[in-house]
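Under the working numbering, residues 45 to 767 are what the sequence shown spells out, in order.
These are computed hints drawn from the structure, not numbers from a lab.
Be a bit skeptical, because a hint or two may be false.
Claimed, not checked - Here are the simulated DSSO-like cross-link-like pairs (lysine-lysine), alpha carbons at most 30 Å apart as the crow flies:
#	residue 1	residue 2
1	736	700
2	163	78
3	570	639
4	376	504
Unchecked claim - Across the chosen pairs, the derived CB separations fall in these ranges:
#	residue 1	residue 2	range
5	240	606	34 to 44 Å
6	730	359	52 to 62 Å
7	522	359	21 to 31 Å
8	432	495	27 to 37 Å
9	462	270	43 to 53 Å
10	730	367	37 to 47 Å
11	767	577	31 to 41 Å
12	522	733	22 to 32 Å
13	733	255	43 to 53 Å
14	250	338	30 to 40 Å
15	240	629	49 to 59 Å
16	577	361	40 to 50 Å
17	666	360	40 to 50 Å
As the structure is a prediction and not an experimental result, all values here were calculated from the model.
Even glycine gets a Cβ: it sits at the ideal position worked out from N, Cα and C.
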Amino acid sequence: MINPPLLHESDVTVDNFELITIENGQSCQDFLAKIFPATDPNPTVALYFRFERQKNLGKSRTMIVLKRGELSTQQQSESTDEPSGLRLKNSPDLYLIGLYVTKLNQSQIYYINGQDALKFLQQNLHKHLQLKSSVGTESSNSIRFVCHDVKQAVQCFHDVFNFEWTFISYRIEWYDATVATWLLDPESTPYDIDKIRIQDLPRWARNNQLDIDYFNRIDNYRKILINSNHYPFGCQNIQDVDFSLKILILFNLVYGLLIRLREKNLYKSYRLIEIPSRICISLMESNPMQIDREYLHVLEDTIQDLINRIEKKIFIKVGRPFNLNSPDQVAKILYSQEMGLISSYFNVTTASPSSSSKRSLLKSSLPKTTPITKKPSTSKIALMRLQESVGNKSDLPTMIIEWRRLNHALTNSIMAINQHWFRRNDDSLIFSRCCEWTATGRITMHDPNLINLDKDFEIKTHLNDAITTENDKSTLIHVRKMIIAPDNYELVTADYCQLELRILAHFSKDTNLVKVLNNIDVDVFKSIAADWKQISIDDVDYETRQQAKQICYGIIYGMGDESLAQKLDITRGEAIEYKESFFKQYHRLDDFITKTIDNCRQRCWVETIAGRRRPLPAIVSPKSNESSRASRQALNTKIQGSAADIIKIAMVAIQKQIDQQRFDVRFVLQMYDELMYQVRIDQREQFASCLKRQMEMVGDCLRVVLPVKLSHGKNWSELEPFL
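Produce the entire structure from the sequences given, and follow the hints as far as they go.
Listed below in structure tokens is the structure:
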């Protein structure tokens, strides 16, 4: 049973505060003594940070606010004074130029913004708080910080004020207004306090079912100040007032949000999963991954050369150049009368048909002279099927597929890394940036999206000018090989096996599926296929295994009959028959789907395994397309959202073991159901054992086991399984 929140509303009224600016070390020392006195064993303090980008230091006052890994601008008035600040170690172009601090039930708001004061804080804040916090575990927490973004706050504490991660994680109790808001309504865009205007707060509070009167008083007070042109003590202008009000509201804002979380049984998830996991993500974002720059340069040249050569070969075959990035131009060329592929196209089903007439057109056997009234598909699936149809007549579809694959690797992987890497000492480093505000709770990545770095792939197009033979070798492309471990370290990855499928089995309670998944010594999808088709597992071929796999994930993602038919390259009628026979063998799956959608229709929300809720009011919409989409989202959230809960729980548990056992390990990447660490080689086996144990223990409450696959290696492309 988790303890209730210790916060309560502030007694300070909106018209009774003063702003105290601190610009030197002596004033900062007095500030620390007043905010964190020895007589107060449990201070509750609100924090609000101001950042500026390096290129704007000393120029126009364009504020840069670090929010969830993004940089957003907010133009301020011109100033001839050169602002000073402290650089964030892991955000090379970002500086902390000011920090607002206030204490619960105190009317003073402190703004620390002088270079001397900030440096004093950098050197003394950690020492001062260490004296207040006794050595121990979480039970010894004595400091509570309230903020708008815990990930931003802990990153600043670590990068600027040199706090240890163990102190941040276990000696401070964090309260985050944005996380609470997102938990209450994950469909909405998380608020950004730096972009919310004070005059918009009442409407925002109404939308979040908070105390509107409190926010109306703030808005009215601000209007009075503007009309009177008389500001509270210490405020030079309305901008100072706005910044002060934004930190002043934090206590009452978070208090109101916590009440709503407890009313909806979301507080446990907030306290035990969401806040700790965001601290882990902040830690991950502060741990850079090392780049092999020499290999990256070679890879870039190789890929660019292959693109140029394949492109040249395509143009020669077609007889003229065209834009390979344009689906319209590719379709016009590929299905032109001159290429002689048009008749083959009519036997190819497009990957995403928009109407039954389009599907009929593509399956018809019209003569070459019949005009095409619908745009032909140039999707990968359509091109692969076209290549199968034309056989040795032409390799143009394959060349286009491979050109696209190489171009994607160049633009989405190589260029993305080139844009974001930076040098520290002799190392080339890249930092990941995450977004935790998805409706399902899954963590995504951006700038750059390391998850989307291309896996190893093969280019089979023969590029020699001479006559090719069957012995001509293909070209292997290893994009992820650029991500390497530092000297004396290795990369260790841990991946949940079929996590979403196992969650589906747990919720559905299907005994046949549970039995298959609890047998960890067999190929899961071959076993499911054998069970489904009532054949020996030895008789399951690749195609049958793929069919079973696609049906399983089609259920998880709410795939319709048409989409399943395209995935399996069969007719819609065959897809329906496949699903019916599959549900006949695993009959509790159909019951689970129906029950999940019916429950969501009754309550207008769906719940994950950890109790997180996603409102889906559209499920009762009279518009069939809206209700159908909400039904798919309900099923998808139930499973994917639960998978997100599990990986977050595992992430927090592993980091706690790293801290307790003092492993020389750095958490560097989270990829949906997989985690990656940099591990000192002499601790590799011990840590791997701990990692596997902690991740599998998360599934102790499930009806199915959660096996974890471990791999290790010096680079991301050449990982080997642990023996």
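Query raised in the report: Between residue 730 and residue 367, does the beta-carbon spacing fit 37 to 47 Å?
Result: violated (55 Å)
Query raised in the report: CB of residue 666 to CB of residue 360, is that within 40 to 50 Å?
Result: violated (57 Å)
Query raised in the report: Using the C-beta atoms of residue 240 and residue 606, is the stated range 34 to 44 Å upheld?
Result: holds (43 Å)
Query raised in the report: Between residue 522 and residue 733, does the C-beta distance stay in 22 to 32 Å?
Result: Since residue 522 and residue 733 have Cβ atoms about 29 Å apart, the given range 22 to 32 Å holds.
Report task. Using the beta carbons of residue 733 and residue 255, state whether their distance is inside 43 to 53 Å or not. Result -> holds (51 Å)
**Report entry** Restraint status (C-alpha distance of residue 376 to residue 504 at most 30 Å)
**Finding:** holds (25 Å)
Requested in this report: Take a look at whether the Cβ-Cβ distance between residue 240 and residue 629 falls inside 49 to 59 Å.
Outcome: Holds - the Cβ-Cβ distance for residue 240 and residue 629, about 53 Å, lies within 49 to 59 Å.
Report task. Take a look at whether the Cβ-Cβ distance between residue 577 and residue 361 falls inside 40 to 50 Å. Result -> At roughly 43 Å between Cβ atoms, residue 361 and residue 577 fall inside 40 to 50 Å, so the hint holds.
Query raised in the report: Regarding the pair residue 736 and residue 700, is the alpha-carbon distance no greater than 30 Å?
Result: holds (14 Å)
Requested in this report: With a cut-off of 30 Å on the C-alpha distance, tell me whether residue 163 and residue 78 pass.
Outcome: This hinted pair holds, its Cα atoms lying about 19 Å apart.
Query raised in the report: So does residue 250 sit 30 to 40 Å from residue 338, Cβ to Cβ?
Result: violated (57 Å)
Requested in this report: Take a look at whether the Cβ-Cβ distance between residue 462 and residue 270 falls inside 43 to 53 Å.
Outcome: Because 48 Å falls inside the window, the suggested range holds.
Hints 10, 14, 17 from the list above are not met by this structure, while the remaining hints are.
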